Every structure is written in C-alpha cells, then in structure tokens.
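Novice: Sequence:
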Amino acid sequence: MSDTVSDFLLQRFSDWGIKRIYGFPGDGINGIMGAMDRAGDRFELVRARHEEMTAFMACVHAKFTGQVGVCLATSGPGAIHLLNGLYDAKLDHQPVVAIVG
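Residue numbering for the sequence shown follows numbering that gives the first Met the number 0, starting at 0 and increasing by one per position.
Keeping only pairs whose Cα atoms sit at most 30 Å apart, straight-line, the calculated DSS-like set for lysine-lysine is:
1) K62 / K89
2) K18 / K89
3) K18 / K62
If you're looking for bench data, these hints aren't it; they were derived computationally from the structure. All figures in this text were calculated on a predicted structure; none of them were measured in a lab.
Based on the sequences and whatever the hints tell you, model everything.
Specialist: Structure representation (structure tokens):
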C-alpha cells in the first residue's frame, strides 16, 4: 500500500521528534487517525473531551517541554474551537501546530 498524505505528515512529525499528539476525533481527521493507527506505538494520542482543550494541552506541552505541541480537530466548529488555545500559544510565543480536517 502506498503512503497517504497523513502518513507523510506523521513521518514528518516523527522526524521532528514529536511523540505526543492531542486530539478530538471527528470525520474530518479520520485519515490522520487511520495513519496513527498504522504508525503503531510511534505516537501517543491524548484524547480530550472538547477540541478547545486539545489546543490548550498542546500549548502547555510546548511550555513545559520546549518541544512543538500538536493538536488535531475536525473541520468546521471543531477548528474554531481551537482558537483560544492557539491564541494563548501565540501570546506566549510557543510552538504549536494545529491540524484540522
């Protein structure tokens, strides 16, 4: 089976040393969730109860570890819910990557 864009994305994250991803599952990111399943134990998915929490969790991860924080959310309202956490990361100059479906 050939690699998908999601597989390439996760390979790039692995190259950057990212091991933990914060996310809230949804239809828009099923491809990435499938790629994470295929990646096995290379990544730890920390599931939150709300998309807004994933952005804050990624920001706190960046603040405490100095590493890039990564958050996932589905498209539409899920993407909008990331804004508060991403704004916090911006104000504190923290490296956070947000992936939306």
